[in-house]
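K.L.:
The chain contents come next:
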Amino acid sequence: MITVKFFASLKTLAEREEDRIEIENSISMDQLSEIISKTSPKMGDIIRDKKVMISVNQEMADSDTIIHDGDEVAFLPPFSGGS
Amino acid sequence: MSTTTDSKIRIQLEDFSVTDEIEVMKKVSRNIGGITTFLGTGRELSKGENITQLNFEHYPKMAEKKLEEIRIQAINDYGIIDMSIIHRIGPIEIGENIVLIIAVGEHRKETFKACEWAIAELKRVTPIWKRETTSKGEVWVQDTP
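So the protein sequences, as listed, match chains U and F.
The letter at position 55 of the first sequence is residue 185 when you use my numbering, and the numbering goes up by one with no holes.
The letter at position 23 of the second sequence is residue 31 when you use my numbering, and the numbering goes up by one with no holes.
Simulated from the structure, these hints should not be mistaken for laboratory data.
Treat each hint with caution, since some may be false.
[As the list claims (entries may be wrong)] With a Cα cut of at most 20 Å, we get these calculated EDC-like pairs of lysine to aspartate or glutamate: (1) F:K73 / U:D160; (2) U:K141 / F:E140; (3) U:K141 / F:E65; (4) F:K131 / U:E202; (5) F:K35 / F:E114; (6) F:K73 / U:E164; (7) U:K135 / F:E114; (8) F:K69 / U:E148; (9) U:K135 / F:E65; (10) F:K69 / U:D194; (11) F:K69 / U:E154; (12) U:K141 / F:E146; (13) F:K73 / U:E202; (14) F:K69 / U:D160; (15) F:K69 / U:E147.
Predicted model only: the values in this text are computed from it and were never measured.
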């Protein structure tokens with residue numbers, strides 16, 4: 131099982147904070163976007179169009195990163211901390 | 009409410025005391041000769057709109073990890089003695105404290121540089137997001153002015 135997290139504006143778009151997805155084998159980011167598209171087409175489009183940053187296990191990742199069972203994937207809109 | 013702990017990196021709901029946090033950092037070394045602070049606060053006007061409230065969200069663990077990386081790199085690259093970074097999350101009223109960076113060093117020059125770099129790096133790499141509430145509604149800020 132993998133955990134997928136959505137933050138800030140993406141949480142609103144996906145209409146949820148988190149997904150738990152069962153995977154039998156490691157999957158690509160494209161495959162993950164296909165899975166997410168089934169419940170949130172807009173979110174799937176954004177991932178496919180590379181309009182968000184991605185982290186895997188709290189490290190920055192990219193569209194070529196392979197996702198393994200047990201991973202935590204997060205989709206991150208542009209940061210705006212500070213003041 | 010104000011909290012002070014020994015941790016040099018904190019993300020917290022509560023407000024902090026700038027004076028207390030500086031006192032904590034002054035105790036790090038007897039060789040400290042210069043202290044530079046950056047304090048970010050909630051401002052009322054943003055892009056012509058009056059903001060009534062700010063709200064910050066973060067990615068737990070990853071945000072703290074990034075702030076610690078910034079602290080370590082600031083110490084190594086700028087030769088300062090130490091740095092603390094505190095960022096608040098949750099609802100913030102106009103005028104309230106948001107973020108505090110304290111750089112302590114033997115001389116002022118390196119602490120100024122380290123502090124300026126650290127706030128820019130924080131905004132660039134730390135998964136923290138700001139939501140502004142105005143008369144037109146709520147909007148997630150997606151740029152880093």
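K.L.:
Against the earlier hints, flag every one the structure doesn't satisfy and list their numbers going up.
P.N.:
1, 4, 6, 7, 10, 11 and 14
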